[in-house]
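Those sequence lines, one after another, are chains A and C. Quick note on numbering: the first sequence equals residues 1318 to 1886 in the numbering used here. Quick note on numbering: the second sequence equals residues 1272 to 1487 in the numbering used here.
Check the hints yourself; a few may be wrong.
Selected chain A positions facing chain C (Cβ under 8 Å, derived; list incomplete) [as the list claims (entries may be wrong)]: (1) R1342; (2) E1450; (3) A1494; (4) A1503; (5) S1702; (6) H1703; (7) L1707; (8) V1710; (9) P1715; (10) H1760; (11) V1764; (12) P1770; (13) A1782; (14) G1786; (15) D1788; (16) A1791.
Treat the hints as calculated values from the structure; they're not laboratory data. We treat Cβ as the ideally placed atom computed from N, Cα and C, and that holds for glycine.
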Amino acid sequence: MDSSSAPEPAHIPLRPPQQVMRLSRLGAFHQSRLSFMRILLRRLTAEAWRFDRPVFDIDAQGVGHAVYCAHGPERSYSLVCFAHDLPPEKRSDRVIAQAWDATFALFDGVPTGQDIARLSRNVPLQEAGRVTERELSVSRANRSVRLWEHVVSSLAAGHQPDVDQIDAVGYLMRTTAVYGSGKLGAADREAIAKRAELAAPFQVEMLSVYLTRAFVRDLVQHMAHVRAEKAGKRAAQLDPHLARRLGIGNSTGLGMAPFLINHPQLFHNWIAARETALQRVRSLEAASDQEIAQFLELFESARASTMRWRSAHALQERKLVALMADLDSMADFLSHAELEGARPWDRLYRWAEERLSVEGQEWLVSLMLEPFGDLVDDLADQMASHAPELRPVDGSMPLARLRLAIEARYDWALCIDWDDPESAARVWYISAEKQEPRLGERHQESVEAYEQPLAPGRDVATLYAALDGWDGAATVAEFLCHHPEHRHALRRVQILERAPYAEIRDNTIAADLLPIDLLRCKLSFFGATCFDPRSDRWVRISMFSNAPYPNELAARCDPFWIYPEALHQ
Amino acid sequence: MNLSLNELEALCRRAAVGAGLHWGLAEEAGKAARWLAEFDLPGAQALLRYLETLSGGSVLRAGPVSLEAPWRVEAGRLCPLIAGPALCDSAERLAKSGGLEMENVCFPVLVLPHAAATAEILGECVSLDWQALHAVTDGRCLSLASKQTDLLSEQAVSLTCRLGGRLGRHRARHRRACVSADCFDRLSALAHRSFAPATAQSRMLGAGSGCDEGNQ
Chain A
1318 MDSSSAPEPA
1328 HIPLRPPQQV
1338 MRLSRLGAFH
1348 QSRLSFMRIL
1358 LRRLTAEAWR
1368 FDRPVFDIDA
1378 QGVGHAVYCA
1388 HGPERSYSLV
1398 CFAHDLPPEK
1408 RSDRVIAQAW
1418 DATFALFDGV
1428 PTGQDIARLS
1438 RNVPLQEAGR
1448 VTERELSVSR
1458 ANRSVRLWEH
1468 VVSSLAAGHQ
1478 PDVDQIDAVG
1488 YLMRTTAVYG
1498 SGKLGAADRE
1508 AIAKRAELAA
1518 PFQVEMLSVY
1528 LTRAFVRDLV
1538 QHMAHVRAEK
1548 AGKRAAQLDP
1558 HLARRLGIGN
1568 STGLGMAPFL
1578 INHPQLFHNW
1588 IAARETALQR
1598 VRSLEAASDQ
1608 EIAQFLELFE
1618 SARASTMRWR
1628 SAHALQERKL
1638 VALMADLDSM
1648 ADFLSHAELE
1658 GARPWDRLYR
1668 WAEERLSVEG
1678 QEWLVSLMLE
1688 PFGDLVDDLA
1698 DQMASHAPEL
1708 RPVDGSMPLA
1718 RLRLAIEARY
1728 DWALCIDWDD
1738 PESAARVWYI
1748 SAEKQEPRLG
1758 ERHQESVEAY
1768 EQPLAPGRDV
1778 ATLYAALDGW
1788 DGAATVAEFL
1798 CHHPEHRHAL
1808 RRVQILERAP
1818 YAEIRDNTIA
1828 ADLLPIDLLR
1838 CKLSFFGATC
1848 FDPRSDRWVR
1858 ISMFSNAPYP
1868 NELAARCDPF
1878 WIYPEALHQ
Chain C
1272 MNLSLNELEA
1282 LCRRAAVGAG
1292 LHWGLAEEAG
1302 KAARWLAEFD
1312 LPGAQALLRY
1322 LETLSGGSVL
1332 RAGPVSLEAP
1342 WRVEAGRLCP
1352 LIAGPALCDS
1362 AERLAKSGGL
1372 EMENVCFPVL
1382 VLPHAAATAE
1392 ILGECVSLDW
1402 QALHAVTDGR
1412 CLSLASKQTD
1422 LLSEQAVSLT
1432 CRLGGRLGRH
1442 RARHRRACVS
1452 ADCFDRLSAL
1462 AHRSFAPATA
1472 QSRMLGAGSG
1482 CDEGNQ
């Protein structure tokens, strides 16, 4: 579409699911104002949460426990941290690991000594332990051995660590699992979802990681002091500017991949919030000088941080090369005062849609929301799903309507030749060995009998074929009575009636599927940065890099903290 | 054992898959066990005992022949994990007829959560009767008059579902689930059947995430 000749729409529509819900686009999403980390820090700042550390009982070997409390207007939450002395041969990020450098639980309130004693018998065991409804999450982290040693030895020697080494790794510890929502006996999400501070998605997990980052900084400083004292020296204090560059790392593999498919209603809410935000900004009739200035300043700072984004993986490298070229084009476009005149943001977006790679388009979409907190931040309240995912099937729906719904929303799936071995090359299953999702080769392994329902396109196409010969006036209830095997797929079709962004419109078992697209999409909603795929099925990211620490929140209420060269620095 | 409701639901869903149920029905079974657990009723136990009676694929032949009353199977016993969701799917039909009967239902307590879902859809109370048991629910609340033995009946020769009824004393609703260690272990064993055993082939083909940075 030629933006110069296109008629100006009376109303800017939402981008249609056919455009948004493609894996190539979802796999190019970036963090935004509506990402869960940023929602959390906005609330902690706006409500002036207080933080303290009532316990820090760690010995010279780095073993012990600590408690970090966050006090809000109505309730307090505490991260109970256990630090361990982990022999190198036991350091593994895999789900089957049995020991970690540090283990954590987020406690609902402020724990007593008895609570801590109980947690000390369970949290270090992770999956082999049990927690109670007083705990909201359980997690663990391993050190980046290389950076940890560099920082401890530098500080112990009385000088600051090297900034390039800090940037090359980006974190001192990486979480290898954060379990919430009832796992290992913790409180169910439903039990806490009505609390304002936990209503947005994943706020428990984000708070846990945020407090973990504060603990890790204190722990590395403690270990530096211990080492310096042994040598009869005085350790340097880690420069706050360097400390802020450090995030919490995370290596995410296939375990996370099925989430978006398994939570269609929730996924719809996330996408709908972001798309509505884009629609609102595109619909603005004009841009004020201040908005333009702020956008341009953020553009430069986001561009600078993107320039530092490195990935060793060929897939991401290619995307980055295209993104860099896109940013040059954008800079050129923006330098010609293109934001003046009518509907400037819509013009900018439509220009991007024509000229930029998908990675560049989505980078811009996230950035376009930045100057407009007053306009879009309220959408955060709509991102949680309050209805159970497993809504009742509408048994009264006539099959003629079901057919039409499938033809309208799964047209892409009906076009695929599912008999082609390449179309159904993969199988999602849970391995007995690791008890987490895996992706197998259907035609080379005997895993099909264990297939998880993670191929909605194929399953709905099978359902559609099964409707052959049924009278259109017959109901879903009658059909399911004879074909209960189609219940799962049929429910999804009905969910899409209410939630058009609930389904990824791509083949999730194709030979050329890139699971990292699923991971990247979810992690972008978390607010992760520095996506660095290590293969087609796992990705390393960083969380809370550049965020103010709890003790800095009150003084540094910068909503743009995520951009390292952002305003107010 | 004290479990979160999400844990119980996931365990029961996986156990149902492990016992050979299709996903859509297994999801319903997990949700049903969760609802029963909230009212401190032995849903997980009933589910376990029913699943242990199944042998490969038998459940698919145990749905009602038609939705015309009474609901029955051609031969054998009616599966509560099909009949329950079918009841909820037939909410509109129930609104018109005012009631329906099911014959020879296995573990009828597993139908109760679906009567509750039906009540929520219709915005009216639904009553369920089998043997000496009488239950009324509006979906959120439940009143129940029964003996423990009826709750865990292996079979109801006749189960009646009626629109209407008056809620008596509300049964307390809990936020946690209690199951015996034996029940937990046996459900876990069934759930385990849904996990693929590792093979040299799958390891070689790199199905795993491989996301381990070890001592880097």
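Now the hints, each set against the structure:
1. This hint is violated: R1342/A has a C-beta 23 Å from the nearest C-beta of chain C, more than the 8 Å allowed.
2. Because the smallest distance between the Cβ of E1450/A and any Cβ of chain C comes to about 6 Å, under 8 Å, the interface hint for this residue holds.
3. Interface restraint check: A1494/A against chain C, minimum CB-CB distance 11 Å, threshold 8 Å, status violated.
4. Below 8 Å, beta-carbon pairs count as interface contacts, and A1503/A has one with chain C at about 6 Å; its hint therefore holds.
5. The closest approach between the C-beta of S1702/A and any C-beta of chain C is roughly 14 Å, which is over the 8 Å cut-off, so the hint fails.
6. Interface hint at H1703/A: violated, since its Cβ lies 15 Å from the closest Cβ of chain C, which is beyond the 8 Å cut-off.
7. The interface hint given for L1707/A is met, as the beta carbon of that residue sits about 5 Å from the closest beta carbon of chain C, less than 8 Å.
8. Nearest Cβ of chain C to the Cβ of V1710/A: about 6 Å, under the 8 Å cut. The hint holds.
9. Given hint, P1715/A at the interface with chain C, is violated; its Cβ is 11 Å from that chain's nearest Cβ, farther than 8 Å.
10. Annotation: H1760/A was flagged as interfacial toward chain C, and the flag is violated, the nearest CB pair being 11 Å apart, outside 8 Å.
11. Hint on V1764/A holds. Least Cβ distance to chain C is approximately 5 Å, under the 8 Å limit.
12. Of the supplied interface hints, the one on P1770/A holds, with its beta-carbon coming within about 4 Å of a beta-carbon of chain C, less than 8 Å.
13. For A1782/A, the interface hint is violated, since its Cβ never comes within 8 Å of a Cβ in chain C; the closest pair sits about 16 Å apart.
14. Nearest Cβ of chain C to the Cβ of G1786/A: about 17 Å, over the 8 Å cut. The hint is violated.
15. Checking D1788/A against chain C by beta carbon gives a least distance of about 14 Å; that is not within 8 Å, so the hint is violated.
16. Checking A1791/A against chain C by beta carbon gives a least distance of about 10 Å; that is not within 8 Å, so the hint is violated.
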